[in-house]
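Q: Line order of the protein sequences matches chains A and B. Note that the first sequence covers residues 1 to 317 in my numbering. Note that the second sequence covers residues 318 to 668 in my numbering.
Since the hints were made in silico from the structure, they are not lab data. C-beta: ideal position from N, C-alpha, C; glycine also. One or more of the hints may lead you astray.
Facing chain B, a subset of chain A residues (Cβ under 10 Å, in silico) [said to hold, decoys possible]:
hint: 1; residue: C14
hint: 2; residue: L117
hint: 3; residue: P259
hint: 4; residue: P261
In silico DSBU-like pairs for lysine-lysine, Cα to Cα no more than 35 Å straight-line [stated by the list, open to error]:
hint: 5; chain 1: A; residue 1: K265; chain 2: B; residue 2: K446
hint: 6; chain 1: B; residue 1: K627; chain 2: A; residue 2: K267
hint: 7; chain 1: A; residue 1: K193; chain 2: A; residue 2: K242
hint: 8; chain 1: A; residue 1: K193; chain 2: B; residue 2: K513
hint: 9; chain 1: A; residue 1: K228; chain 2: B; residue 2: K441
hint: 10; chain 1: B; residue 1: K458; chain 2: A; residue 2: K20
hint: 11; chain 1: B; residue 1: K519; chain 2: A; residue 2: K268
hint: 12; chain 1: A; residue 1: K200; chain 2: A; residue 2: K265
hint: 13; chain 1: A; residue 1: K20; chain 2: B; residue 2: K513
hint: 14; chain 1: B; residue 1: K627; chain 2: A; residue 2: K266
hint: 15; chain 1: A; residue 1: K24; chain 2: B; residue 2: K513
hint: 16; chain 1: A; residue 1: K267; chain 2: B; residue 2: K446
hint: 17; chain 1: B; residue 1: K451; chain 2: B; residue 2: K495
hint: 18; chain 1: B; residue 1: K373; chain 2: B; residue 2: K519
hint: 19; chain 1: B; residue 1: K446; chain 2: B; residue 2: K411
hint: 20; chain 1: A; residue 1: K193; chain 2: B; residue 2: K411
A few chain A residues that face chain B, going by a derived Cβ cut-off under 7 Å, partial list only [to be verified]:
hint: 21; residue: S47
hint: 22; residue: S181
hint: 23; residue: S186
hint: 24; residue: Q190
hint: 25; residue: Y218
hint: 26; residue: D221
hint: 27; residue: A251
hint: 28; residue: D260
hint: 29; residue: I262
hint: 30; residue: H293
hint: 31; residue: E303
hint: 32; residue: I307
hint: 33; residue: D308
In case you want the letters, here they are:
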Amino acid sequence: MAEREKILEIKNLCMEFPVKRREKLKALNNVTFDIYKGENFGLVGESGCGKTTLGRTIIRLYNPTSGEILFNGRSISGKLNKDTRKYVTDNIAMIFQDPISSLNPRMTIQEIIAEGLSIRGIKNKEEQRRMVVEILDKVGLLPEHAARYPHEFSGGQRQRIGIARALILNPSFIIADEPVSALDVSIQAQVIKLLLEMKKIMGLTILFIAHDLSVVKYFSDRIGVMCKGQLVELGDADEVYKNPLHPYTRALLSAIPEPDPIREKKKKRLYYDPQIHDYSKESPEFVEITPGHFVYGSPSEIEQYRIDLKEGINIFN
Amino acid sequence: MDKMNEPILEVKNLRVSFKTYNGKVQAVRGVDFHLNKGETLAIVGESGSGKSVTTKAILGILSKNAIIEEGEILYQGKDLTKFKEKDFYDIRGKEISLIFQDPLSALNPIMKIGKQITEALILKEKMSKQEAKKRALELMKTVGIPQPEVRFNQYPFQFSGGMRQRIVIAIALASNAKIMICDEPTTALDVTIQAKILDEIKEIKEKNDLSVIFITHDLGVVANMADRICVMYAGKIVEVGTSEEIFYSPAHPYTWALLSSMPDLETKDELFSIPGTPPNMIFPPKGDAFAERNQYALEVDFEQEPPFFKLSDTHYAATWLLHPNAPKVEMPDILKNRIARLRREEAESIG
Numbered sequence: 001m002a003e004r005e006k007i008l009e010i011k012n013l014c015m016e017f018p019v020k021r022r023e024k025l026k027a028l029n030n031v032t033f034d035i036y037k038g039e040n041f042g043l044v045g046e047s048g049c050g051k052t053t054l055g056r057t058i059i060r061l062y063n064p065t066s067g068e069i070l071f072n073g074r075s076i077s078g079k080l081n082k083d084t085r086k087y088v089t090d091n092i093a094m095i096f097q098d099p100i101s102s103l104n105p106r107m108t109i110q111e112i113i114a115e116g117l118s119i120r121g122i123k124n125k126e127e128q129r130r131m132v133v134e135i136l137d138k139v140g141l142l143p144e145h146a147a148r149y150p151h152e153f154s155g156g157q158r159q160r161i162g163i164a165r166a167l168i169l170n171p172s173f174i175i176a177d178e179p180v181s182a183l184d185v186s187i188q189a190q191v192i193k194l195l196l197e198m199k200k201i202m203g204l205t206i207l208f209i210a211h212d213l214s215v216v217k218y219f220s221d222r223i224g225v226m227c228k229g230q231l232v233e234l235g236d237a238d239e240v241y242k243n244p245l246h247p248y249t250r251a252l253l254s255a256i257p258e259p260d261p262i263r264e265k266k267k268k269r270l271y272y273d274p275q276i277h278d279y280s281k282e283s284p285e286f287v288e289i290t291p292g293h294f295v296y297g298s299p300s301e302i303e304q305y306r307i308d309l310k311e312g313i314n315i316f317n
Numbered sequence: 318m319d320k321m322n323e324p325i326l327e328v329k330n331l332r333v334s335f336k337t338y339n340g341k342v343q344a345v346r347g348v349d350f351h352l353n354k355g356e357t358l359a360i361v362g363e364s365g366s367g368k369s370v371t372t373k374a375i376l377g378i379l380s381k382n383a384i385i386e387e388g389e390i391l392y393q394g395k396d397l398t399k400f401k402e403k404d405f406y407d408i409r410g411k412e413i414s415l416i417f418q419d420p421l422s423a424l425n426p427i428m429k430i431g432k433q434i435t436e437a438l439i440l441k442e443k444m445s446k447q448e449a450k451k452r453a454l455e456l457m458k459t460v461g462i463p464q465p466e467v468r469f470n471q472y473p474f475q476f477s478g479g480m481r482q483r484i485v486i487a488i489a490l491a492s493n494a495k496i497m498i499c500d501e502p503t504t505a506l507d508v509t510i511q512a513k514i515l516d517e518i519k520e521i522k523e524k525n526d527l528s529v530i531f532i533t534h535d536l537g538v539v540a541n542m543a544d545r546i547c548v549m550y551a552g553k554i555v556e557v558g559t560s561e562e563i564f565y566s567p568a569h570p571y572t573w574a575l576l577s578s579m580p581d582l583e584t585k586d587e588l589f590s591i592p593g594t595p596p597n598m599i600f601p602p603k604g605d606a607f608a609e610r611n612q613y614a615l616e617v618d619f620e621q622e623p624p625f626f627k628l629s630d631t632h633y634a635a636t637w638l639l640h641p642n643a644p645k646v647e648m649p650d651i652l653k654n655r656i657a658r659l660r661r662e663e664a665e666s667i668g
């Protein structure tokens, strides 16, 4: 396969938050991975594992403690000058989890969606109006919706507004932070379909953050699994689901409830105990175990994973 | 009827409305179901389908603007809809207990965990303080809380989400209720914690011989927990059957839509999305409430409400598609493929 073009490179990214005096919480600990142009990258993990922090650090809502973020080869970590900040906000957009609290209740939909345009110098009201109507049509809303306020919409429609707001500036990279977890199942499918469609039309790359593994699996080409601020496994979606190597990934997969009563009732759940790793003698590394499939572990663990791979893994029985 | 299938709770033609400034919201519009002794009955539906309202009516904790228009809720030969607030004191917690969705708001933030568990024991079981504490520690152990002695004296904020939900379950178990109603008990939790809590509810159910009503919108969770399933839409039950019947031979288009709008780990087909939104229950639609969002809707669906058609002794669905004169339609491809795959896998694992 030809070398794919990287849109985002993250190198040894660390993000610490001060908790108390002299105490720090390591929300991201040496995270390294790339996202290729045009792919859907899924990021999963439990709450508190740092997946949202990672998304927010990429779009520079947080200032990373150390490490490097390259977007299209250009560094967007460290101190941002005006030019680079504009570059970041022009090219990366974010869709938030909660469609209620992420929309200002006192602004009309027109104002919410056009806000980004005004900031970027498109101040002509006629022009703005035309662009808003166009984008509303794209996300499946009607032109007359522009004059209404957020409370007049249902959850799914609000999430569409959030998507319209993110897309109006023609970004090339979207960070979708749990875009469907607050929605009902029937509406979830609508929003997922919309995102996939938009991706096709606009040629987007999407970083999809979620805790629902079946949705992530459906949506993503590649998947990264995060645990306690660290990326513990990374690979093609099918590969990670077929051959989960890290015990945390296995535990996550076995916990997914599936719509199949017979399998569900037979299924044995695996639990992850972080104590099983003994990193006192050997230090763990993020190793490429088969092409494209990375896992975090000490050399002896990696050895074991290789044996597992050879013998075949079946966590469901 | 053999002894296993003895109904412990029966809901008959229940109708509940809410008075609002905009009009009367008809949240529950004639719901019939029964809960057998020792079984887990799941009620599935989107938000606003009336599943929570039904269970609140059972416990008499509907809000003030709610009216029970008609219907009966029979428990031990008594009709709970006729109960006064005082009569419920002997039912709530003692006979029927409830686990709420949000464990944080279900607990009192300024009261120690221990006191919240022992409260019911001291008040209702007339235990002494020491006895109650002993029992509370036992309960905390049952629901899997490490170091119960230490935890007994802590406040809710010192517990994680999963731990809080365990406390809520412990409180629900405190007074040996016979029926446990779980209202989306794991929706706010992570999948791994969810798996643990579900396993625990199942274990406790076996041990204490409970009957469980399990409310959720997550069909995966249902597959794991339920013996029987009721699917609700717009204040009505549209399909009821055993868990195998609902998942392997669903008959109502709404059940099809629900099942095919969620991906599973093997799904490659395009997801099926239900167009539109649930109807406004101030003006519930004439005929089948789902007709407007239903690509299989027949003309009669917009005119007349479908009755229940019998598919087996346990499996009923309210859709005109089952009428002998209805045109034959097939469920969406994604669902057909999945069921075929599941059947194949099952055959392989047996053979």
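Q: Each of the hints needs a verdict: does it hold here or not?
A: Hints, one by one, checked against the model:
no. : hint               : in the structure
1   : C14                : violated (24 Å)
2   : L117               : violated (29 Å)
3   : P259               : holds (5 Å)
4   : P261               : holds (4 Å)
5   : A:K265 with B:K446 : violated (41 Å)
6   : B:K627 with A:K267 : holds (32 Å)
7   : A:K193 with A:K242 : holds (25 Å)
8   : A:K193 with B:K513 : holds (31 Å)
9   : A:K228 with B:K441 : violated (43 Å)
10  : B:K458 with A:K20  : holds (33 Å)
11  : B:K519 with A:K268 : holds (14 Å)
12  : A:K200 with A:K265 : violated (39 Å)
13  : A:K20 with B:K513  : holds (32 Å)
14  : B:K627 with A:K266 : holds (29 Å)
15  : A:K24 with B:K513  : holds (30 Å)
16  : A:K267 with B:K446 : violated (42 Å)
17  : B:K451 with B:K495 : holds (22 Å)
18  : B:K373 with B:K519 : holds (22 Å)
19  : B:K446 with B:K411 : holds (19 Å)
20  : A:K193 with B:K411 : violated (47 Å)
21  : S47                : holds (6 Å)
22  : S181               : violated (10 Å)
23  : S186               : holds (4 Å)
24  : Q190               : holds (4 Å)
25  : Y218               : holds (4 Å)
26  : D221               : violated (13 Å)
27  : A251               : holds (6 Å)
28  : D260               : holds (5 Å)
29  : I262               : holds (6 Å)
30  : H293               : violated (17 Å)
31  : E303               : violated (26 Å)
32  : I307               : violated (24 Å)
33  : D308               : violated (19 Å)
Violation of the numbered hints given earlier is confined to hints 1, 2, 5, 9, 12, 16, 20, 22, 26, 30, 31, 32, 33; the remaining hints are satisfied by the structure.
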